[in-house]
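Chain by chain, the residues:
Number of protein chains: 4
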Amino acid sequence: MCGIVGITDHREAARLTHLALFSQQHRGQESAGIAVAQGAVLRVHRAMGLVQDVLGGLDFTAFKGKAAVGHVRYSTAGGSLLENAQPLSMQGVRGAVAVAHNGNLVNAVELRQALERDGAIFQGTTDTEVILHLVARAPGTYEEAVATALQQCRGSFSLVFLVISEGRTRMIAVRDPWGFRPLVVGKLGRGMAFASETCALDMIGARFIRELEPGEMVVAESGRMSSSRPFRAERSAACVFEQVYFARPDSVVFGATVQAARTEMGRQLAQQMAGVKADAVVPVPDSGVHAALGFAAASGIPFQMGLIRNHYVGRTFIQPSQVMRELSVRMKLHPVREVLENRRVVLVDDSIVRGTTSRKIVRLLRRCRVKEVHLAISSPPIIGPCYYGIDTPAEDQLIAANKTNAEIAKFLGVESLTYLEQDRLLGAVRTAARRRPAPPDYCTACFSRDYPTDVPTVPLGRVGRTSLPVLAGGTA
Amino acid sequence: MCGIVGITDHREAARLTHLALFSQQHRGQESAGIAVAQGAVLRVHRAMGLVQDVLGGLDFTAFKGKAAVGHVRYSTAGGSLLENAQPLSMQGVRGAVAVAHNGNLVNAVELRQALERDGAIFQGTTDTEVILHLVARAPGTYEEAVATALQQCRGSFSLVFLVISEGRTRMIAVRDPWGFRPLVVGKLGRGMAFASETCALDMIGARFIRELEPGEMVVAESGRMSSSRPFRAERSAACVFEQVYFARPDSVVFGATVQAARTEMGRQLAQQMAGVKADAVVPVPDSGVHAALGFAAASGIPFQMGLIRNHYVGRTFIQPSQVMRELSVRMKLHPVREVLENRRVVLVDDSIVRGTTSRKIVRLLRRCRVKEVHLAISSPPIIGPCYYGIDTPAEDQLIAANKTNAEIAKFLGVESLTYLEQDRLLGAVRTAARRRPAPPDYCTACFSRDYPTDVPTVPLGRVGRTSLPVLAGGTA
Amino acid sequence: MCGIVGITDHREAARLTHLALFSQQHRGQESAGIAVAQGAVLRVHRAMGLVQDVLGGLDFTAFKGKAAVGHVRYSTAGGSLLENAQPLSMQGVRGAVAVAHNGNLVNAVELRQALERDGAIFQGTTDTEVILHLVARAPGTYEEAVATALQQCRGSFSLVFLVISEGRTRMIAVRDPWGFRPLVVGKLGRGMAFASETCALDMIGARFIRELEPGEMVVAESGRMSSSRPFRAERSAACVFEQVYFARPDSVVFGATVQAARTEMGRQLAQQMAGVKADAVVPVPDSGVHAALGFAAASGIPFQMGLIRNHYVGRTFIQPSQVMRELSVRMKLHPVREVLENRRVVLVDDSIVRGTTSRKIVRLLRRCRVKEVHLAISSPPIIGPCYYGIDTPAEDQLIAANKTNAEIAKFLGVESLTYLEQDRLLGAVRTAARRRPAPPDYCTACFSRDYPTDVPTVPLGRVGRTSLPVLAGGTA
Amino acid sequence: MCGIVGITDHREAARLTHLALFSQQHRGQESAGIAVAQGAVLRVHRAMGLVQDVLGGLDFTAFKGKAAVGHVRYSTAGGSLLENAQPLSMQGVRGAVAVAHNGNLVNAVELRQALERDGAIFQGTTDTEVILHLVARAPGTYEEAVATALQQCRGSFSLVFLVISEGRTRMIAVRDPWGFRPLVVGKLGRGMAFASETCALDMIGARFIRELEPGEMVVAESGRMSSSRPFRAERSAACVFEQVYFARPDSVVFGATVQAARTEMGRQLAQQMAGVKADAVVPVPDSGVHAALGFAAASGIPFQMGLIRNHYVGRTFIQPSQVMRELSVRMKLHPVREVLENRRVVLVDDSIVRGTTSRKIVRLLRRCRVKEVHLAISSPPIIGPCYYGIDTPAEDQLIAANKTNAEIAKFLGVESLTYLEQDRLLGAVRTAARRRPAPPDYCTACFSRDYPTDVPTVPLGRVGRTSLPVLAGGTA
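Chains as they are written, first to last, in the working numbering: chain A, 72 to 547; chain B, 72 to 547; chain C, 72 to 547; chain D, 72 to 547.
I should point out that these hints are in silico values taken from the structure, not numbers from a laboratory. Incorrect hints may have been included.
Repeated chains share a single entry, so a pair holds when one copy, or any two copies, can fit it.
[As the list claims (entries may be wrong)] With a straight-line Cα cutoff of 30 Å, these simulated DSBU-like cross-link-like pairs (lysine-lysine) come out:
| hint | residue 1 | residue 2 |
| --- | --- | --- |
| 1 | Lys135 | Lys348 |
| 2 | Lys442 | Lys135 |
| 3 | Lys137 | Lys442 |
| 4 | Lys481 | Lys137 |
| 5 | Lys442 | Lys474 |
| 6 | Lys403 | Lys135 |
| 7 | Lys481 | Lys135 |
Required output: the full structure, derived from the provided sequences and hints.
What follows is the structure, given as structure tokens:
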């Protein structure tokens, strides 16, 4: 999971990249970075941490330049290393390139091994570095080289390249032929803005133009944009989990406003659960709020904030001692006794992965003497790992791949458990899409194991950890 | 505005104080601190910053001890100095004392000047240091000294003293005779827990016993608790703003669950605005959420999350350049176009102070082409400054003290503006109080200028800034 | 051991104080701080660490003002706490005061206990805070109050007070009647500069005027200086250890250039050891260099740098594991095999306290197969603790108080051990004094146990640690 | 200028590497780093800063492993970037490699351009990265690949490679055929230790075996060492500046103890200046101390420490304001007036580059009213830049390349200026070499412009700055 940004032909390119990354912080909290074109030189800054930690204190007077790319990262393949923080950059005979990547290649291991046999040197463990090497070795102009390189790649890639070559500065934005991950383009003054989500365009005042098509390559230079289609796939496969959980509610993703899609999922869930007797619909904040509002509207059961989220919880909280462990679950979510005591509640969340967090939340409600908990999940059971950029665990860790619905309900301690049916989910997403005549086909592999591509034989998440001797780094 | 904690007779006193402070972070983000009794020695740690910054990395093995007090501070009187961070501590001939204070004395300047004339040395600029000096100079046991000292103090004080004297460790908790600020006590294993709000008791697994009475002094030692009433006032004056805005929704304050009180305020507001034509009720998150839910339930107008709050916004965000300034308002709140465009909305917030923030929010909505904005405020107009611990500005800064309702509506750019009437507010709070036979009289001075005490002639907020030559400090 | 600075009537008072502290860094490495008079306000910054760590990054534009005091501290009495870092400051009815103190009171415990009985509050554990309380409680002007307060103090105190009162800013510099610690005054443009050592005056380009007399109080204001003598003692007692070890070689202390005094100590030592057969005179760098040069000149034995000091060793070096421990002694001093192998050397150092360091150095030489080591110490055996500001350990830790010369030589593993006789030491210091008609009487208590004052019954070094319940603090 | 370390077959390889780097801190203060072999994985840590800053706080339990290499760097070619910090590492099809490099290639630009044309990607701007790419692309085993790669390199390279391949961990140490930079090997328990200087072996308790021969390649594995000679040059060219200035006095370099070589340079200088009338020989500390001792011994003029060096000066000192600038020179060196006033001194230093520092030092002496300054330099005039790793500026910055001796003396403000003649310098170094039958031929190019290799047409120091568009980075 990552967020990417590209800005061209704007005097405040670096600052706007900072803001656009900030608005996409939910797409990755592990590292952040920026690369700016300064004449013939790329200036890069990246570090582990949140956008504000990494870029908030930056001296932007040293990052002047009219084009920039940026990245926020949450590790999928590749470990948690500074060497893996993006944008990655390189210097080649044709010039300098920086790249920001959202996605995951399924043939990264094979590509890397071939490159290593041919004398390539790797600094980190990401598939993005594989892409850079392929580009460096492909002939022709940088546009040609990018197309040639990516034709060898299978899997998900939404990419923004910042290219300095032959005295010109260009941006090349590319989306894989399946269209797994989002990528949008907008108009920003006399320049262009690329981003994973429209919320980033809104933040910087750019006007949304359109989503890149699956398999499309766009080159932006001097405020002009040219498009080509160097990649083809049999069908599109937009990630439905972006709608369910990952994207920000105010973004428009794959033609649908996420907030509307989630509200509609809640409505569908209410129809599916027609007849449930309950006193309140309570969301798990913040991820379940919109579906719970839809559920409440459709069912007539009142919506109530029975759980308050603590927004001061950071990721650095040091684990308290053994005695304290039981208390730690109370730090993030606070139950409101008045709403819960002696009440029957429909608890709404977006998904269940391992089940351990849901179980703790149910226990919190039980401590307030809730009478019944009917758990309503606004997506189908997750039964397969994602190879396209969502950090789901291996199959043996997925509770729905290993237990029946009844067993899961028992494990969680709830009176009933309902997952939204896949057809209803896709119907909800279709209903929410209003601006676009033909909504894309969706990838539902995590719910159906129907993978749109071959899947890796060497597990992707393991590359760089156990299968090969590799470089493990870390720099203060 | 501050939050205080006291723990007695528990092996994990320091860690539990940390957790209890964390759950009261909303009461103060400027500094945090803790004091632990270790045998005959007080060990103190305090610094500027959030609870997790100050205490998250603490080596708690060096803070062993069975009794502790803690504090989070948002400056009111006194400046933003490390010297003002609490708990304050002192060493006297009777032993050692640490104290955590929530509140504000209205006669602090007079008391301090008298003490200085008598040779007292001050390190910081808070009224809490005045209290410590009065205690040090009062005769008798520490209990007697605390009572004697506080009998000279007017204004608001909820205090927890940690006292080591004559080989014994005790805790003295005190609430001023008006009962401005909350202070509750709970049972925690074989010991006791004191806190500003019940949410802190919930966090650490303490069982709520009761609120301290206005004017009550409680001494806790070896798991036992004794009570006395050394202070008297003509009437109680619980701060109604704790219900409107300040306390956490899951806390029980002055006998009412805050969430219920706010929902009821929303209901009352809907009754007051009966007949408003609107398509959606939209809260300003997070402060307006509960009132908006009440409003929606009472009016039948659908509740919608038309504004998304960005929870990554920290206080350290560096102001971008002139060009960027306009963008900065978009960093905290994100409008959802789908909910707003061409719609008539009731926008619900808790209060208006200067009006500048509300104005920016309305503009955000206008950019999404909202059709009508009916602003509903769940409290009356603020027309007077608070002298009892809420950091409201001087009268000339309060928009409602200087403009008519129509002028304010025009300034904000809304179709209509409605403040909840004071009687309805007090009625809502009374309705929400269920556990307690006699709800307290409330202080409504900020809405009515009906101050329960004399008010300072030297403005309290200015002490230590302009009226006297003082110590300004700051330590890394 | 501490270093103090005061600057008056100079636009760059804070920066010059910084530089003057930097040049006195050898007098204390634990904490540093500065206080500046800004109109009617004192602005203070102090923290644990070296001068450059604490003040090197300071925004001096926020520390404008024409008068400042500064302090570097190495703890003696009082623990290693931020609360003990100086300058200390206070706000009283007469105005604001900051103070920097070099020295140690022998009656601090008695004074503190009396103050506590009278309602005084203490923040830290230093005797300097006692002085502040005495000043706050004494009647009259600040000059009168300082004199009255210090008349109650016994022991060593060189003090610089920065006083803001009645719209005027003054500096009061005081030296105790025995004159234990140095304190000099110089002319700096239109203002004055006070410092512990003349090297600080040299650093900032101030012209040395003279040393303050024992028992003298100087008030500096608007470039003028007035003097009085409020304190009397039977005799002067300048600390001879300043000459032996503590002061910087280029300073003039008590009328003598330290470098000249140390060279003369080496000459005297050579006379005392006339007849020693050796191939080289080798100093323990840096403390033994000047005495070794004097020894070589007087004896005709060649001076050689047989030990190289590593200047990158900081105080923060983390102890390596058990296997590494033996190696750690090699980190600070590097023997030069060429100089040592098969040679007879006179090893020159300034003093021996516990003997453990000397023993390790001798072992380093032995590893290079040195033939003979004749250890020459440029001061007499240390047999008594210092109560006047030098951080010597208790008597049972002093090797010379517990072993004969032969036993010490055996413990250290040297062929011979010679201490400079006390008469020769005092003679050397007298010889080096050229500018001053009457050199002071010296305190030699650590060599002779002839203490110029009563000594504390409660050991001073223990105050605030075990004898009383106290405040132990620590703030990030 | 850099220092390198390699440790094999020792359980504490990382800690010992840390200590050995610490002892070579004088060879580079810009960055430090370490790479450890952990099974099949390399673990790397590197950062900007001193050894103690970078490695002092490292959790060595996470750096277990029996082989390690380390590096300290002062930039020559390549800029001051984290990307340039070493050890550099790579992952290839044959396994993983980390390398530490001391030296500078003269054909780095040509090699890099050819590699880029062939699709190689560069992260930083050092020639060491060029070497890694050449190794990755050369066929055969890693030993064969290293030999093949380095046969293409001209210039100076002392290298230690840590290689993990085919389940084995080996170390490959190489010295260029001219032998510009030192590289020694010692026995350490059952393993081996490589280092730039013998002082590093002394620090960790390794027994010095011998210097690597020019053009030698040593492979160490399982405590055994095999040697080969894959590179040839017409003559050896050991850097004489290592003896003059760069190496630590207690090291044995190119067969001579540095301290002895410098003392002998001072003797030769005294002979050359026979007849000079002076009262004292004063070194510029620390670099001139040994030559000054030799001068004093040979001339009979007394040695005196007329300048005291301040060892608290770090590199981070923030430049004070305009008013302060004149004072800043006094921060590092403190003149001792007693030694200088009205005296004729021979001031001894090791070399003059631009002349600006020497001029400031002379001014310091003049302020103390020194009577005459006879400046004696223990090396010839520097007239040519170094292309082999010493960071000398371009010719137009070298004072001796642009002015006559008389002009320089006038510029510096000295009564006379004497440079040691080149024959005397080489004679001194030869005299000091005692352990080795045939001392090497020395490179004296900076004194004679007699370069042992072709010199770069593109100035090496400029690579990566102006001639090419490049990556400029910087990561927190």
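Now the hints, each set against the structure:
Within a single copy, Lys135 and Lys348 get their C-alpha atoms no closer than 60 Å, and across copies no closer than 50 Å, so neither meets the 30 Å cut-off. For a Cα distance limit of 30 Å, the shortest separation of Lys442 from Lys135 qualifies neither inside one copy, at 60 Å, nor across copies, at 40 Å. For the homomeric pair Lys137 and Lys442, neither the shortest alpha-carbon distance inside one copy (60 Å) nor that between copies (37 Å) is at most 30 Å. Proximity of Lys481 to Lys137 under the C-alpha cut-off of 30 Å is found in neither arrangement, the shortest distances being 58 Å within a copy and 40 Å between copies.
Taking identical chains as interchangeable, the C-alpha atoms of Lys442 and Lys474 lie at most 30 Å apart only when both belong to the same chain, with a minimum of 25 Å there against 50 Å between chains. Only between protomers do Lys403 and Lys135 lie at most 30 Å apart by alpha-carbon distance; the minimum there is 26 Å, versus 40 Å within a single protomer. For the homomeric pair Lys481 and Lys135, neither the shortest alpha-carbon distance inside one copy (58 Å) nor that between copies (41 Å) is at most 30 Å.
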